[in-house]
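Undergrad: As a plain string of letters, each chain reads:
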Amino acid sequence: MELLAYAAFFLTIALTYAIICLGLNVQWGQTGLFNVGIAGFVGLGAYVSAALTTPDAAERIGGFDLPIALGWLAAMAAGGGLALAVGLLTLRMRSDYLAITTFGIAVALQLVFQNTESLTGGAFGMAFIPRPFSGLQGEAFAFNGLNLALTAAVVLACYLLLEHLLRSPWGRALRAVREDEVAAQALGKNPVLLRIQAFALGGAIMALAGAVQAHFIGFIAPGNYLPMMTFQVWAMLIVGGSGNNRGAILGAVLVWAIWALSGALISEVFPADQQARAASLQIVIIGVMLCVILLWRPQGILPEVRSVSRHLGRRNKDIKP
Amino acid sequence: MTGSSQPPILKARGITKSFGGFRAVNDISLDLAASEILGVIGPNGAGKSTLFNLLAGALPVDAGSIHLAGKDLTKARPEARILSGLGRTFQIPRPFPRMTVLENVMTAAQNQLGEGLFSALIAPRQVAAQERTNVVRARDILDFVSLSHLEDQPAAVLSGGQRKLLELARVLMAEPKLILLDEPAAGVNPALLDLIIDRIHAINKLGIAILLIEHNMEMIARLCPRVIVMAAGKSLAEGAPEEVTRRADVIDVYLEGMPA
Ligand SMILES: Nc1ncnc2c1ncn2[C@@H]1O[C@H](COP(=O)(O)OP(=O)(O)O)[C@@H](O)[C@H]1O
Ligand SMILES: [Mg+2]
Chain A
1 MELLAYAAFF LTIALTYAII CLGLNVQWGQ TGLFNVGIAG FVGLGAYVSA
51 ALTTPDAAER IGGFDLPIAL GWLAAMAAGG GLALAVGLLT LRMRSDYLAI
101 TTFGIAVALQ LVFQNTESLT GGAFGMAFIP RPFSGLQGEA FAFNGLNLAL
151 TAAVVLACYL LLEHLLRSPW GRALRAVRED EVAAQALGKN PVLLRIQAFA
201 LGGAIMALAG AVQAHFIGFI APGNYLPMMT FQVWAMLIVG GSGNNRGAIL
251 GAVLVWAIWA LSGALISEVF PADQQARAAS LQIVIIGVML CVILLWRPQG
301 ILPEVRSVSR HLGRRNKDIK P
Chain B
1 MTGSSQPPIL KARGITKSFG GFRAVNDISL DLAASEILGV IGPNGAGKST
51 LFNLLAGALP VDAGSIHLAG KDLTKARPEA RILSGLGRTF QIPRPFPRMT
101 VLENVMTAAQ NQLGEGLFSA LIAPRQVAAQ ERTNVVRARD ILDFVSLSHL
151 EDQPAAVLSG GQRKLLELAR VLMAEPKLIL LDEPAAGVNP ALLDLIIDRI
201 HAINKLGIAI LLIEHNMEMI ARLCPRVIVM AAGKSLAEGA PEEVTRRADV
251 IDVYLEGMPA
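These protein sequence lines map, in sequence, to chains A and B. Numbering follows the UniProt record's numbering, with no gaps: position 280 of the first sequence is 280. Numbering follows the UniProt record's numbering, with no gaps: position 99 of the second sequence is 99.
Looking at chain A on its own, in the form it has when it is part of the complex (with noise of 0.2 Å):
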């Protein structure tokens, strides 16, 4: 039982990474937009909602005390707001431009999450975020079972709109603009439109991530959000499969998975004194895997498949020979 509860908390906690997995693939995946500020994204979704739903508190502005619900709807406003504002700024320059952007913003958001402490509680981060389905915390298993039905669902949800956008004439023109921009552009397509749609659009799903992972977890810190947490989104999205939004889920739970497990063999292995060290072997093992990945499947374990739009049906062929 208490190892059921154990595995549920895991692919929780995996699922969660799936959303932001999703969100990047919608960025990248299907539009070839560069986001290395992945961990601002996720990290201001958690903010936002957790200053929206926590109880009221002396010595922090906001604890608004509001349902759940309002607190991801908030989140997801504000990561596709952000995403928004960082597209029209950049997506009409070079795509450099982007990468440093977001870059950038990540930074920038870690260092306000971190230092304005009336707002985010600082260093120490924000606790008491309430907790789906609390009122059974005391049983773990029915709990995190509950829990990971919950986050599930958002998953299956994100993953069913993504496919209907991707088989949608809006993905048809992103599928256009990504093969041919000129030409996409002279048949109608506004690629700069098209693009800003997309990241802002993958930019709520991450920070939903965030605030889905917040309220399952209860409380957050500025060191949740580093740059460590957009490097492994990354690479879940390329073990996964980039272009496929069954990989990106794949990929974010098995890589999620050896994370985890290095990271338990390392706590049984090395002596206390050294495991603040050693921890930095669960990067290499990532890089490794990293590698192996590119070199044995570089499309990823499940490649993007040629998706075609709805409506367009085979047609009878039986009169041609």
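Read the hints as simulated data drawn from the structure, not as lab findings. Bear in mind the structure is a predicted one, so any value in this text is a computation, not a measurement. One or more hints might be untrue.
To be verified - Computed from the model, here is a short list of chain A residues facing chain B with C-beta under 10 Å: (1) ALA85; (2) VAL112; (3) ASN115; (4) ALA142; (5) LEU165; (6) ARG175; (7) VAL182; (8) LEU187; (9) GLY188; (10) PRO191; (11) LEU193; (12) ALA198; (13) LEU201; (14) VAL308.
Every residue gets a Cβ at the ideal spot worked out from N, C-alpha and C, and that includes glycine.
Given the coordinates of chain A, work out where chain B with the ligands should sit on it, guided by the hints.
TA: Structure of chain B with the ligands alone, referenced to chain A:
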């Protein structure tokens, strides 16, 4: 100038473009009647494709103005020009290689409801209805250019000539009033050439004006009552093809382009 009493569909005045210090297009003016096919000929490097890029909005003009059916498109983005009815094909075809032939054509439809991120989500019925109408039209167009049997293939498998036909199909899907055709017969095998000539004729019969860049003089003679000759960015001569090709200055610029 147009030899026709209709008001011009395309009115271009003083179109000029330089790359660095090099004048690729120098003060070109055109009037094109609504049902006309106008040929644009001239040696390689004369500035013909650049002129198309300027008319279609892929490049901004340095000077001059462009009006389509009375509407000023001089500063419009390429997306706005095709929406207003000014379509173009590329000298080197630019298919979406990993999309199917049918999807390539579907992409070109204008005013697609489902291309809006929100309407794609909140109005699935209306989007589906529009897709069904568009797919019927896309298949008619594929029949018209004889590519129906390839509709489910990725465009990457098409031959050079088939790619030219796909360019034509895509631009037709946008329901243009004027099509700029850049060397639709270049590199096409002779069997397809007749088909392409015939289809261009048929398109023009539908009332679509055509501006045609072509080196194949047989094709020019069969399709264009009138041509302009471009050389070194300028308009050198204008008139019936059999007349201008007899002019000494036109023969000279063609001979200059030949290896000694
Ligand atoms: N984007 C560009 N930058 C610099 N030079 C260009 C560009 N496009 C075309 N040119 C130059 O302009 C001249 C005309 O080219 P082009 O319009 O393609 O000629 P044509 O289609 O008549 O063969 C050529 O000398 C070409 O090198
Ligand atoms: Mg040319």
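Undergrad: It remains to establish, for every hint, whether it holds in the given structure.
TA: Status of each hint after checking the structure:
A hinted interface residue such as ALA85/A counts as satisfied when its beta carbon comes closer than 10 Å to some beta carbon of chain B; here the least separation is about 17 Å, so the hint is violated. The closest approach between the C-beta of VAL112/A and any C-beta of chain B is roughly 29 Å, which is over the 10 Å cut-off, so the hint fails. Given the 10 Å rule on beta carbons, the hint for ASN115/A is violated: about 35 Å separates it from the nearest Cβ of chain B. A hinted interface residue such as ALA142/A counts as satisfied when its beta carbon comes closer than 10 Å to some beta carbon of chain B; here the least separation is about 34 Å, so the hint is violated.
For the restraint placing LEU165/A at the interface with chain B, the shortest Cβ-Cβ distance is roughly 6 Å, inside the 10 Å limit, so the hint holds. A least Cβ separation of about 6 Å between ARG175/A and chain B falls short of the 10 Å threshold, and the interface hint therefore holds. With a least beta-carbon distance of about 6 Å to chain B, the hint placing VAL182/A at the interface is held under the 10 Å criterion. Look at LEU187/A: its Cβ gets to within about 4 Å of chain B, closer than 10 Å, so that hint holds up.
Using the Cβ-Cβ criterion of 10 Å, the hint placing GLY188/A at the interface with chain B is satisfied: the shortest such distance is roughly 4 Å. With a cut of 10 Å, the hint placing PRO191/A at the interface with chain B holds, because the nearest CB-to-CB distance is about 9 Å. The restraint placing LEU193/A at the interface with chain B holds, with a minimum CB-CB distance near 9 Å, inside the 10 Å limit. With its C-beta approaching chain B no nearer than about 8 Å, ALA198/A sits inside the 10 Å limit, and its interface hint holds.
For LEU201/A, the interface hint holds, since its Cβ comes within 10 Å of a Cβ in chain B; the closest pair sits about 7 Å apart. Interface hint status for VAL308/A: upheld, as the beta-carbon distance to the closest one in chain B is roughly 6 Å, under 10 Å.
When each numbered hint is compared with the structure, violations occur for hints 1, 2, 3 and 4.
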